[in-house]
Amino acid sequence: MKKSLEKLLNKPLPVDPYLPHKVVITDVEELAPDHKKFSFTFLNEELNAKWHHLPGQFVMLTVPKAGEIPISICSSPTRRGTVELTVRKVGRKTEVLHRMKPGDLAAIRGPYGNGFPVEIMEGHNLLIIAGGLGIAPLRSLIWFALDRRHRFKEIYILYGTRNYQMVLYKEELKRLRERSDVKCLFVLDRCETAEDREWADVEGVLTALIPQVELDPADTYVAVCGPPVAYRFIGKELLKNGYPESQIFVSLERKMECGIGKCGHCQIGYKFACVDGPIFPLWDTKNLPEMI
Amino acid sequence: MEFHIERAKVLPKANLHSFISGLKKWGKLIAPVRKGEKFVFTHVEKPEEVELNYTRTILPPKKFLVPYRRERFSYSVEDLSFKTNFKAENQVIFGIHSCDLHGISILDSIYLKENPDPRYLEVRKRTVLIGVSCVPDEFCFCLATATAFPEGASWDLFLTDIGADYFVSIGSPKGDEIVYSQRSLFRDIEKEDLNAYKATTLKKKSLFKPEQLPDLERISHVVELEYDSEVWQEEAKRCLGCGTCTNVCPTCFCYTSVDVPNIAGTEVKRIEFTTSCQYPYYSLVAGGHYFKATRADRFKHRYYHKLVGYPYQVEMLGCVGCGRCSAECPASISMVETIKRLRGCNEKELREVTE
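Each protein sequence line maps, in turn, to chains A and B.
Mapping to the UniProt record's numbering: the first sequence position 97 is 97, numbers consecutive.
Mapping to the UniProt record's numbering: the second sequence position 15 is 15, numbers consecutive.
Keep in mind the hints are simulated off the structure, nothing from the lab.
In this text the structure is predicted, and so the values were computed from the model without any measurement.
Please note that the accuracy of each hint is not assured.
Stated by the list, open to error - Listed below are the simulated DSS-like cross-link pairs for lysine-lysine, each with C-alpha atoms no more than 30 Å apart in a straight line:
#, chain 1, residue 1, chain 2, residue 2
1, A, Lys93, B, Lys35
2, A, Lys22, B, Lys35
3, B, Lys203, A, Lys89
4, A, Lys65, B, Lys198
5, B, Lys203, B, Lys35
6, B, Lys87, A, Lys11
What the hints assert, rightly or not - From chain A, some residues computed to sit far from chain B (all C-beta separations above 12 Å):
#, residue
7, Cys191
8, Ala194
9, Pro228
10, His265
Even for Gly, the Cβ is constructed at its ideal location relative to N, Cα and C.
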């Protein structure tokens, strides 16, 4: 018998990583049509106190009767006590979730994934680029950086959506725009209403904003999350503007059933999005097929 | 208990049935049985049912470690209390070929190395694996995947047919315990037994024809280099997308889970069932985006995962050369042929060119 295999079999039985922990919904906020933000608290107080995550990580959320879905955490690890998830109504499971109210029970296991490399990002400029629902995992990073503002140099937030109606976290972002220690640039696909025009700095696509960013690319870490099609164009534009590809991180979406490298659905090339990602350096996207 | 830690014993073939009967003491006995023209691993009562003269079973013994449909847990909708109804029982899987033993070792690495699955570990701890030597047919290519012999895999006993007897290698303390418990059926090895054993090993190697073996040297690199090759498109044209290749594979592990409520909607079971990367919905994400949209993408993905993905994850190829995917494919797609075409050395085509 191979020594390494013998060791595997002689381990004691581990804690079941598939068993989720009970949570109660404490708040539901409607952000945009079909988009809601849910706040959860663990019933187990000890767990509530010790539960910790990194910006960019995700959880497996059990929606009673419907099943389990992977959802990015949109709350910051600097604000403990609740886990916030922003969910778009796109299928059967999320539809059931959207009908749930404060006080209802659900279950969560995780956090899973690698998260953004915040330790190496600290001490540098931070450029956050979000497209549509991509702002959700990045909100975690935004508040993580803003709550430890002194650890970062300049911070830029670029955010693009279809129109003003689809903008998530409107009030929060409006307040951010007023802050002097962070620069926000917002773009809308089309500016048709007065609200649209008031919100948008630019009409068009996210890539148009990148040349407007006044940062030293060599001293900047970039975090990108958006629909798959956006990565290709944003990546190209970032490289054109001199950002090193090892300092650009993208968050990817994949189907998942387990979150721990066992179900196989989230395979990207030879890696698993759940355990090797979901945050990948842009360098990987060039070397792993079918990544974006 | 007293043990004889020795490297090997000899089991005369006349004692085989007594030996098999004795195995029942160690757990539920599972062994290959004839089913029409094919063979299956199934629960057996009588040693006469066991058929050791087989090349491959339809499904690998994986189904007794990771069932094709399994319940993870159940929960009540009222208070979301989770209950695990899982109970593992002792089992002895007898008559496994070397390739399938290696397949189980690969599963061990997948399930136990990172984020170990307690249920798999419990089943595995309660499973005795007894291998038996075999004769390759035209679909076998285990010599190329280095899985033609049991060394390097994890098993308890391995029986090599050396004519009138079986040469029994002992692979674990459990295996030794089993032999010791039936020691009257065995005899010590002699020089001739050892010679016969070595001759069998040599003979097995000579049974493979060069054309049935793919060249797997640096295969991960080859698959990466040939990622945009037309071979994928051409081979995928024949593929029916039925998923048979993955369902019969001893190392495929992908699964899907669904929550199934009872009729009253009070209790929910989380059911997991094996799935296939050959099915379109495999890579479907919220919003309707397919990351592996075409059949050629999915066809290529299976090879990519077996030959690049597994080496990255568990440092072993994901293929053990059992030949099931080729033997059972309704479109007669052959893994060996595809690999040969990728390497640009399809004998048939080359012959046509030179003729």
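Hint check results:
1. A/Lys93 / B/Lys35: violated, 42 Å
2. A/Lys22 / B/Lys35: Violated. A/Lys22 to B/Lys35 sits at ~47 Å, over the 30 Å cutoff.
3. B/Lys203 / A/Lys89: Judged against 30 Å, a Cα distance of about 63 Å means the pair is violated.
4. A/Lys65 / B/Lys198: Violated, because 59 Å separates the two Cα atoms, which is more than 30 Å.
5. B/Lys203 / B/Lys35: Given that 30 Å is the threshold and the Cα spacing comes to 29 Å, the pair holds.
6. B/Lys87 / A/Lys11: The given pair, whose Cα atoms are some 19 Å apart, holds under the 30 Å limit.
7. Cys191: Non-interface label on A/Cys191 holds, nearest chain B Cβ at 24 Å vs cutoff 12 Å.
8. Ala194: holds, 30 Å
9. Pro228: The claim is violated: A/Pro228 sits with its nearest Cβ about 6 Å from chain B, within 12 Å.
10. His265: For A/His265, whose nearest Cβ neighbour in chain B is about 6 Å away, the distance does not exceed 12 Å, so it is violated.
Hint compliance for this structure: hints 1, 2, 3, 4, 9 and 10 are broken, all remaining hints hold.
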